[in-house]
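If you read the protein sequences in the order shown, they are chains A and B. Numbering of the first sequence is given in this note's numbering, commencing with residue 1381 and proceeding in unit increments. Numbering of the second sequence is given in this note's numbering, commencing with residue -2 and proceeding in unit increments.
Just so you know, these hints were derived from the structure itself, not from any lab. Treat the hints loosely; a few may be bogus.
To be verified - The following label-pair restraints were derived from C-beta to C-beta distances: (1) Asn314/B <-> Ala2037/A: 17 to 27 Å; (2) Gly341/B <-> Val1459/A: 27 to 37 Å; (3) Glu1386/A <-> Thr65/B: 50 to 60 Å; (4) Glu459/B <-> Thr2033/A: 35 to 45 Å; (5) Phe1609/A <-> Asn314/B: 58 to 68 Å; (6) Val1984/A <-> Thr429/B: 45 to 55 Å; (7) Tyr447/B <-> Thr2033/A: 28 to 38 Å; (8) Phe1609/A <-> Thr429/B: 33 to 43 Å; (9) Arg1988/A <-> Glu466/B: 52 to 62 Å; (10) Thr429/B <-> Thr2033/A: 34 to 44 Å.
Where is the CB? At the ideal position from N, CA and C, for every residue including glycine.
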Amino acid sequence: MATAFEFAPAIALFPLAAFVIALAFGKYMPKKGALAGIAATAASLVFSLWAFVTVAGGETYHETLYEWAVGDPTSEAGVQGIEFTFGILLDPLSTLMLVIVSLIALLVHVFSLGYMNAEGETGLPRYYAELGLFTFSMLAFVFADNLLMAFMFFELVGLCSYLLIGFWFRTESAPSAAKKAFLVTRFGDYFFLLGVVAIAATFGTLQFAGPESFVDAAADAIDGEETLFGFGAETWVTITGLLVLGGVIGKSAQFPLHTWLPDAMEGPTTVSALIHAATMVAAGVYLVARMFGYYALSPTALAIIAFVGGFTALFAATMGVVKDDIKQVLAYSTISQYGYMMLGLGVGGYVAGVFHLMNHAFFKALLFLGAGAVIILMHHEQDMWKMGGLKDKAPVTYYTFLAGALALAGIIPFSGFWSKDEILYDAFVLGLEDPVFGVAYAMALLAVFFTGLYTFRMVILTFHGEPRSEAAADPHPVGPSVTFPLATLGVLALVAGVANLAPIAKLTGMDITYLEFWLDGEYGVVDGLTYTAYTETIGYPAGEIVSEQATLLIAAGLGLGLAVAGALTAYVLYSGPEPVRHTEKLGSVYGVLRNNYYQDEYQVWLARNLTLPVARGADRFDQGVIDGVVNGVSSVSLFGGGGVKRLQTGVVTNYAALIMLGFLALLLVFGLHGGWFL
Amino acid sequence: MEPIALPDWAALGPALVLAVTALLLFVVDAVNPRKTNRPLIAGTATVGSLAALAVAVWYLLAGVGTPTGEGGRGEFHIFGDPGQFVIDEMALFFMVVVAVVTAMVAVASYDYMHDHAYFASYYSLVLLAATGMATMAAANSLVTIFIALELASLPSYALVAILKDNRGSVEGGLKYFLVGALSSAVMVYGISLVYGATGHLQLEAIAEVIAAGDAEPYSGLLGLGVLMLIGGFAFKTASVPFHFWAPEAYEGAPAPVAAFLSSASKAAGFVIAFRVFTTALPIGDLAPMGIDWATVFVVLAIVTMTVGNFAAAVQENVKRMLAYSSIGHAGYALIGLAGFVGPGGSELVMSAAMMHLLVYGFMNTGAFLFVGLAEYWGVGRTFEDYNGLATQAPIACSALAVFMFSLAGIPPFGGFWSKYFLFTGALSVGSTAMIAVAAALVVNSALSLYYYSRLVKAVWIEDPVPGREGLSQPVGLYAAIVFAAVMTVAVLPGFGPIADAATSAATALIA
């Protein structure tokens, strides 16, 4: 009987095959490659589920499949030799993520039938091929067992999002947005690459797990109080961890590298769903979770992660409040929600962070696909002020979208509430002890209010009130390929929270925190990659008010109260048949928010006034000195060649004379030097 | 045991087969002097050279030259032991090179020389020259070396001048002959001086005298003799300063002859240089006497590759460009001798030079044969005349691109690997002089890419010359060119065995 693990590579290879098929034969296929993509992602999902079940049965898988380079240097920590490999690590975390990614990818492929094929788009084989490559890269990134392999597929993921964001390359904005996404994430990945090199040079290994892993090596170095590259071991771990974090901040769109993400809305909405829910943006947070043991060694790095996360959550939420484009609102909500995940991980809430990653994947895919459905309904209009009244005309879209919105806002009992509450609780208990985490918590808590506000502003403007345009009054119908994914995800957005009902477990003492058991090695386990192990490594003191239960209720009450307050505010401001903007009441603040805190402006200013002059200088050096030398060499060569050409006179007596002269010169030099004439 | 034990002289088989073929051609032509049976003559020459190739390869595989201790049959000596001839792995290796090039030239010449009056004479001269070159590979005494060298040279002079009505051909032949005569005189004088200093002509015997220190009092005499020997080899390999004949002779000669001379004849020149300097003139004994011939080769290598490449860069005539590039490649191959420091340490660089000569045998022959094809078409001689040929003859032009990129040393073609081994070999010797040589190799290769890619650009990118007639596809020329291209590419997967053969040849020679 073959085990699921023997087929592990197939999980990623199916979409790769779909990529090749769609690229080569997509033109001739009935749905232009969609069917190949659907079949491949469905197969990936089946095999992922099989692997998931096998891990649930208590087994894990960690194999090196291919070794592509071997070196023999001695690393800083004294390890001899280094191997660069491709391998697969299937543990609770990666199998969970594989299921999420392949499920979302499958639903996006199905939805594309309605969103792309039915709308008569051109270039569909390219679209499906890129979608396949994207899925392949992400799946391979998820099951990578070492940091270098993860980096390679991380880059491929970035490349694919570049291609897909710029799918409509004939417009002016799409290529520009794609370029921006590529450049901004590349800026982060540059630090990631430095981090990979630094870790490899320090510990001589890039494995995530096992006794040979760089995590264990770093722990030993810290225990042994070694000095690495002139730093204390812990400082060096912090530095390398932060370098890797550069890639995470770029990909997961955290402040200050979040600017690419709103622009990335230029891609097809299906692509946005995939990017935001399961692939590109998720890759960053997943990487932190994957090497959480390493960050757990460095309280400084964790504090930075938490602070950046909390700040980004609030920062993005405030901008989401003033957007008019439905996809823009969702884009800022993504940035904000990933901020929560970072905060959760930063405060040591490994389970909470992964939990929110999972729930967010479902409800954000739902919201984007719902927005896609709205865009179909609205004949490709995205301005919410031109919508309204869609509630009765498209009930499936409305109710599923509402489910996603309730989950996003964190209203009980939808999935988003449970995971966000857990993050906030983890931050709260730390915040009681440490003011840094306290500030991060306060920002995240405040963001809950804004989340409720912008979410329900979006829902009310889109679906409630009277139709405010002709398109809204007479919407385009949507087919089953649109409603099926929405319904699936709608159910998940409602019930996925059951996976980890931590507050209820704490209040009642029931053992129902399944996700925590899952990530804590109650099923399959890889040594050291458990929640308990991480928590022990971090060893944060947790504060409480009166008792654990009371603390829990206070935290949950605060979060839920603010979310409901935000939702109610939106209702008060925007309900009714003819909503008004209210933005003028914000005064100058509106301008700041509308312009996204001038983030783009200062980054463009940096590029223009700092990078460009440096680049000009480098160019001048290249043109003048480097090219000058090269051109000089070629001029000298051609000139010299001309000289040689003149030497060849064509007169044979000259040749004889030159031969003898040359020979005599040799004779004189070597004869005198060798003392032949003495 | 073998079912039939061959006599010892049969070890010279490849050379003998070539000689017999040459004589057979006289017979064929003499049977009916009034009528030339062209297919029969070209066929005989081709079959003869292929037979020589087969014999050489068979001997290599059968273990001739491999030391008996390693399961081989050991070296064969003829006319005494150590003899006037020696058949070892290096001899067979170079016989393979000569036979392959001869076969390609024989096939290609069928079309190129089709309307020529002296068809049979042409082929017998080619085969006689090939006999001389194969004999050079095995010659083991200064006398046999000189005789073999003249046997290769005299038919070559005639071959260059064989287009009797063509001014360039006759002029090139005469210049080649005059410079050749001068060089032969220099060399034979050098031989006499070496004989005077050591009392021997046989290579091992010379080495014994030098090792015993008996030549110490005559070090000046010996040094002068060695330098003059170098002059003789430099002529045959077209190295500076004895290179002046090459551009004119190659340009004037029929293209297949130019291919033959620049590939096979050059390789033969190198084999005697390798043999004489590694066997008869041990650097370990001579350097203390002030006869540091390796340094002479360092200078010659750098100057030769630089002069060849610099001059090639400014040529307008394709054939002349190839002639100068051929000089440049002689400079690369000289690295094999420049890096010689005695047993242990020189095997890599020496085997790299041998590999380069083999790969060069394919890519350079192919390039000259393409020029032959262009002359057959009558499209003209300059780069501009070649513009846009690819639209009319894509196969031949693809082959040309392969030759050019391989000559320039672009991966994955054979030329890259042999240059790569030359480079690492030079660096592995490690002396300052060799690092300078390696640097010169890199700089010159970069420069060479300029003029090689210029030809590729002309053929593939430029617009075709207006009004050019449709181009025919001569079977023989095409076959030879395509074969050379395939070998230039295929030599890459085959590089393992070839590298092994060259390395063991070099090791056996040096040890």
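Hint by hint, here is what the structure shows:
Our hint of 17 to 27 Å for Asn314/B and Ala2037/A holds, since their Cβ atoms are close to 25 Å apart. With their beta carbons about 35 Å apart, Gly341/B and Val1459/A fall inside the hinted range of 27 to 37 Å. Under the hint 50 to 60 Å, the C-beta atoms of Glu1386/A and Thr65/B, about 53 Å apart, fit the expected range. Separated by about 40 Å at the C-beta atoms, Glu459/B and Thr2033/A satisfy the suggested range of 35 to 45 Å.
Checked against the hint of 58 to 68 Å, the C-beta distance between Phe1609/A and Asn314/B comes to roughly 60 Å, which is consistent with it. Between Val1984/A and Thr429/B the C-beta distance comes to about 53 Å, which sits within the given range of 45 to 55 Å. At about 33 Å, the beta-carbon gap between Tyr447/B and Thr2033/A stays in the expected band of 28 to 38 Å. About 35 Å separates the C-beta atoms of Phe1609/A and Thr429/B, a value consistent with the hinted range of 33 to 43 Å.
Hint check: Arg1988/A to Glu466/B, Cβ distance near 59 Å, so the stated range 52 to 62 Å holds. Taking 34 to 44 Å as the suggested C-beta distance range, the pair Thr429/B and Thr2033/A conforms, at roughly 39 Å.
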